[in-house]
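Chains as they are written, first to last, in the working numbering: chain A, 1 to 649; chain B, 1 to 291; chain C, 1 to 162.
No lab work stands behind these hints, which were simulated from the structure alone.
Check each hint, because a few of them may be wrong.
Unchecked claim - Simulated pairs of lysine to any residue, SDA-like, Cα-Cα distance not exceeding 25 Å: (1) Lys88/C x Ala279/B; (2) Lys394/A x His109/A; (3) Lys88/C x Ile280/B; (4) Lys88/C x Gly278/B; (5) Lys66/B x Lys123/C; (6) Lys123/C x Thr65/B; (7) Lys88/C x Arg627/A; (8) Lys88/C x Gln176/B; (9) Lys390/A x Glu472/A; (10) Lys88/C x Val628/A; (11) Lys394/A x Gly507/A; (12) Lys88/C x Lys64/B; (13) Lys88/C x Thr65/B; (14) Lys88/C x Val175/B; (15) Lys88/C x Gly626/A; (16) Lys88/C x Leu282/B; (17) Lys88/C x Thr172/B; (18) Lys394/A x Val491/A; (19) Lys88/C x Arg114/B; (20) Lys88/C x Thr632/A; (21) Lys88/C x Ala281/B; (22) Lys66/B x Val93/C; (23) Lys170/A x Ala190/A; (24) Lys88/C x Arg285/B; (25) Lys88/C x Phe164/B; (26) Lys88/C x Ile156/B; (27) Lys88/C x Leu177/B; (28) Lys88/C x Glu115/B; (29) Lys88/C x Gly630/A; (30) Lys88/C x Ala185/B; (31) Lys170/A x Ala181/A; (32) Lys64/B x Phe121/C; (33) Lys64/B x Asp92/C; (34) Lys161/A x Cys49/A; (35) Lys88/C x Gln284/B; (36) Lys88/C x Phe160/B; (37) Lys88/C x Ala165/B; (38) Lys64/B x Val93/C; (39) Lys30/A x His109/A; (40) Lys88/C x Cys49/A.
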Amino acid sequence: MLSLFAWMVPIAPLAGCIACTVLAFRGDRKIAHLPAIISLLFAALFTICLIVFGAQGEKGEVFSGYRYLNVGSLTLDISLKVDTLCLTLLAVVTCISAMIAIYSRDYMHDDPGYARYFAVFCGFVFSMTMLVLSNNLLMLYAFWEGVGTCSYLLIGFWFRKPSAARAATKAFLVNRVADCAFLMGILLLAYGVGHVESAEASFFARLNFDNIVKAIPFLSQNHPELLTTIGFMLMIGAIGKSAQFPFHVWLPDAMEGPTPVSALIHAATMVTAGVYLMARLSPLLVWTPAVLSAVGWLGGITAFIGAWMALFQTDLKRVLAYSTVSQLGYLFMALGAGAVSNLMNVAVVAAMFHLVTHAFFKALLFLSAGNVMHAMGDVIDMRRFSGLRKVLPKTNILFLIGAAALSGVPLLAGFFSKDGILSVLAQASKDGEFGGQFFVLLCIGFVTALMTAVYTSRAYFSTFLGTEKLPEEAGHHAHEATNIMLAPMAVLAVGAIFAGGLLGPTGAISSYLLQSFKDGGHAEHHEEVWVMLVSGVLAIAGIGLGYALSLKGPSTAESGPLVAFGDFGRNRLYIDWLYNVAIVAPMEWFADLLGWIDENVIDGLAMRVASLPRLFGLIGQRVQNGRVPGYTYMTAFGIAALAVWIATR
Amino acid sequence: MNLLNNYFLNSAFFAQADADSAVPAAVSQVVEQAAPGQTWSNSMLVPIVLGAVGYLLIQHGVVKTKAYFAGGVVAMLLAVGFALGFTPGTFESYVLMSFCAVATGGGIGFLTAREPVYAALGFATAVLSFCGVLFMQSALFIAAATMIVYAGATIIIFLFVLMFAQQVELRTYDVQLNNPLVAAAIGAILLATITMCVTDNQAILPVRADSTRAMSLANLPDNLSSEAGKEASKKLDAIDPNLRYVPKLTAGLGRSMYTDYLVAVELAGTVLLVATIGAIALAQRTTETQS
Amino acid sequence: MNETTQNLLVFGGVLFVIGMVGFMTRRSLILMFLSLEMMLSGVSVNLIAFSRHHQNYQGQILAVMVLTIAACEAAIALALVVSLYRRKATLDVAAWDDLSETLIPKVIEAPQTLEEPAMEFPKLTPAGLDPLSRPISANFDAQSMENGESVKASTLEAGTHA
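Produce the complete structure using the sequences and hints provided.
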């Protein structure tokens, strides 16, 4: 029964994907949302069944289903591993995707690629569920690429728009760099696991998570440097997918896709795959504190610069995108705290907790931004509209809930989860070895929390409060969204309000998650009351500051270092510019060079070689010219030559 | 030459056939005739080259001036004279060679004539002389048939077509020939090679009485088994052992055709019938060509 | 090897080569087919010479076959020539190279105007009276003379009267 539930979770969206593809090819666009929504609801239902009925065992359960290939020693078993860690993320993925699919029904209703949209949407959910459920690191990698492909297709959904096509390519290429390292890490890991005496013969089976965990003590004793290398490689893969500091550039550009996609993929689910990977491999990472320390630093940097850049964006969706980058930095900061001994499990719990709550309120915020965009006629620049609380009263409330949760207003979801992360950091800062680092990170966390509150509240105030101003593109579109769009948002809003309070302080999520990590560290999570107080105060202060800023308007010129601060933020810290100058331009130059070589050297050579037969052909052309005298002469010549040959031999 | 020895005229094959045959060994003896053939000498090239030069000169002279023409005729005559120098000096061979010479002259006329009708007449001359050669070789039936078919039917019909297609003025394609120089060179080379092969006495086995088709009725007199027949054959053998076997009689040819080669002859007749039908079908004036 | 056989074989070769040269150089369809017949004759001579040489009928029978096939070929060829001639009203074999290589330019032949050798008439010594050098008699029949001369004569006559 449980096996059936587990298998139905990915199979339902796959069926939806196939049905939508068929509809896309048949041209029945109007009903394409039906298979998608139904299949995603089924997936969510089966996930909830799984959570309620089973998978309470210590290590979770493994359901092997389909033997994909069996050649010699190579056996590819597609099997699912169901434990509480995976179920947590699975619930988030399936529930939020179902909500967003319902929302998309009206949001996308006039698009010519309606069926295509839902086909790729279901394909994404299928890949994501398989990624979460897979029992094998290599299979995880396959679906890792699957979600990357679906993300590419959805960012470039309006592929006739040059900016969308560029953004899709950029996301794909940036991820490619990271995935390359990830794949190398996987292969190194398989190589390392192969050194264990009891290792499986099959290369593929070595990468099953259970086998990896079994092999880790041996590796950490005998090959610690190999383990560290593997850890760094896997970290690069994770930060690529999760848009951390060196690779964060693709995520804000990914907002070129449809807004529901931004909500689902680029805020709630796919970008958290990196966090999930780190959590899944935490038994390995426990042995490599250097990697976790680096993860912590990268998370801290990302959290800070994400917030910094979000402060100075004028595009509502980009504010949310940089906010996502910043919040993902929080998750990685929390994971980094696992460097301190015995804190790994607590760190994972804190990260997963924030992941869940963030999924709710960020999806809600994006969908609200989608409503605004829908009403404003695809205008998303905050300078061009304000005071929308009359025009969009319900969206106003929903956005307010999401913004408050993101800002960390006390008793909302974001408050508890962010507080959990900060508490973990505070705990880690007491450690001898890494204490200094985590103290710095804790300070960054507080500063970032303040900044988060500032930019979120500024976005809210400048959009919904103040004098009413509508862009001319809005026209008669300026109306509230339909109820079908608002209903899933309401569900998400409920999550954004109550998920934190229900899951966090009651210890529900930590006890649930820790079932998967029985043999890890046993440090208990201590609520640090002063952290809670400080973050609450910071949130309120940030909201006030944001209100003041929104009244002053963004164009106010400041003097001194603040100008430089603002310039840096507006120009995305010049990171994109630096990439362009340092990487893209030389590569383009190199590509031009190669193109020139291809065109002139290789093609030229090929043309020279090709002209040789033509030269021979010219000779043959004279002889074999299709005219009777030519043939008669050739025949006579041949006869004479044959006669001479016979006579003289 | 080895090629011919090995593949076409293998003596072992003949020996095996002799052993198999029911004809007494005396019949299949080797009958070498008196005069051995000529052997190759380089002077044989002279008439060939002269003939080629003569052809070219005549061809040139027909179009241009008569001096070339006269030179060509002289060269041809010289060539014929040279060639006669290589022939045995008997009356029969002179007659034979004069037929050959006339045939060659007709052929040259056919090659060089400016008017197609004259060319056809040259062809007719060549064929008639060739028939004379066949007569001398006791191939009477074939000579007659060739005369009727070529000189009679074919040439006449071709002449009809020529006249049907002929305009008053000369056509370019009748006068301007394709590379006569190259053609003459290739022809001379081929002829020289043929001559070289033919004058190799080892190439072709000496004359034998026919033993390969020992069961052929054509080779045996009707009444061989009777006393008279035996006597007759003895008489013939006394005169000339070859005489009995020389295929001289048209009746023998007919008997051989309708006994040994019956199927082939019937097939040839069928082919002739099919060709007749095909010619009628092809020459039919269809409505498409009219419009 | 009999010397006669040898000569006949060479003769067959000569006929064959003449036919071959004709087939190569001639451009008229009909003459090309006649050249083919000439080549077949050369082969027939060969066969008959060997028939005599080996003193059996095989060669002759093969020659009969050659004759038959030649007759068939002539019939078909004539039918083809006639239908081809109907299409283009020319017997030139070069007219039928529509499938030939297009990159090679066709040799465009200017229709050759053949110069007939200048007619040289014998120069005869003039005999009788030159009608123009002396006065014309009154009973001269002008109709029998050519037109221009009669006009000339009448003007002359008028001049003398004046």
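Structure-based check of all given hints:
{"no.": "1", "hint": "Lys88/C x Ala279/B", "in the structure": "holds (19 Å)"}
{"no.": "2", "hint": "Lys394/A x His109/A", "in the structure": "holds (21 Å)"}
{"no.": "3", "hint": "Lys88/C x Ile280/B", "in the structure": "holds (20 Å)"}
{"no.": "4", "hint": "Lys88/C x Gly278/B", "in the structure": "holds (22 Å)"}
{"no.": "5", "hint": "Lys66/B x Lys123/C", "in the structure": "holds (22 Å)"}
{"no.": "6", "hint": "Lys123/C x Thr65/B", "in the structure": "holds (22 Å)"}
{"no.": "7", "hint": "Lys88/C x Arg627/A", "in the structure": "holds (17 Å)"}
{"no.": "8", "hint": "Lys88/C x Gln176/B", "in the structure": "holds (19 Å)"}
{"no.": "9", "hint": "Lys390/A x Glu472/A", "in the structure": "holds (17 Å)"}
{"no.": "10", "hint": "Lys88/C x Val628/A", "in the structure": "holds (17 Å)"}
{"no.": "11", "hint": "Lys394/A x Gly507/A", "in the structure": "violated (33 Å)"}
{"no.": "12", "hint": "Lys88/C x Lys64/B", "in the structure": "violated (29 Å)"}
{"no.": "13", "hint": "Lys88/C x Thr65/B", "in the structure": "violated (33 Å)"}
{"no.": "14", "hint": "Lys88/C x Val175/B", "in the structure": "holds (19 Å)"}
{"no.": "15", "hint": "Lys88/C x Gly626/A", "in the structure": "holds (19 Å)"}
{"no.": "16", "hint": "Lys88/C x Leu282/B", "in the structure": "holds (16 Å)"}
{"no.": "17", "hint": "Lys88/C x Thr172/B", "in the structure": "holds (15 Å)"}
{"no.": "18", "hint": "Lys394/A x Val491/A", "in the structure": "holds (13 Å)"}
{"no.": "19", "hint": "Lys88/C x Arg114/B", "in the structure": "holds (22 Å)"}
{"no.": "20", "hint": "Lys88/C x Thr632/A", "in the structure": "holds (22 Å)"}
{"no.": "21", "hint": "Lys88/C x Ala281/B", "in the structure": "holds (19 Å)"}
{"no.": "22", "hint": "Lys66/B x Val93/C", "in the structure": "violated (29 Å)"}
{"no.": "23", "hint": "Lys170/A x Ala190/A", "in the structure": "violated (30 Å)"}
{"no.": "24", "hint": "Lys88/C x Arg285/B", "in the structure": "holds (14 Å)"}
{"no.": "25", "hint": "Lys88/C x Phe164/B", "in the structure": "holds (14 Å)"}
{"no.": "26", "hint": "Lys88/C x Ile156/B", "in the structure": "holds (23 Å)"}
{"no.": "27", "hint": "Lys88/C x Leu177/B", "in the structure": "holds (20 Å)"}
{"no.": "28", "hint": "Lys88/C x Glu115/B", "in the structure": "holds (20 Å)"}
{"no.": "29", "hint": "Lys88/C x Gly630/A", "in the structure": "holds (21 Å)"}
{"no.": "30", "hint": "Lys88/C x Ala185/B", "in the structure": "violated (33 Å)"}
{"no.": "31", "hint": "Lys170/A x Ala181/A", "in the structure": "holds (18 Å)"}
{"no.": "32", "hint": "Lys64/B x Phe121/C", "in the structure": "holds (20 Å)"}
{"no.": "33", "hint": "Lys64/B x Asp92/C", "in the structure": "holds (22 Å)"}
{"no.": "34", "hint": "Lys161/A x Cys49/A", "in the structure": "violated (42 Å)"}
{"no.": "35", "hint": "Lys88/C x Gln284/B", "in the structure": "holds (16 Å)"}
{"no.": "36", "hint": "Lys88/C x Phe160/B", "in the structure": "holds (18 Å)"}
{"no.": "37", "hint": "Lys88/C x Ala165/B", "in the structure": "holds (11 Å)"}
{"no.": "38", "hint": "Lys64/B x Val93/C", "in the structure": "holds (24 Å)"}
{"no.": "39", "hint": "Lys30/A x His109/A", "in the structure": "holds (8 Å)"}
{"no.": "40", "hint": "Lys88/C x Cys49/A", "in the structure": "violated (89 Å)"}
In the structure shown, a violation is registered for the earlier hints numbered 11, 12, 13, 22, 23, 30, 34, 40, in ascending order.
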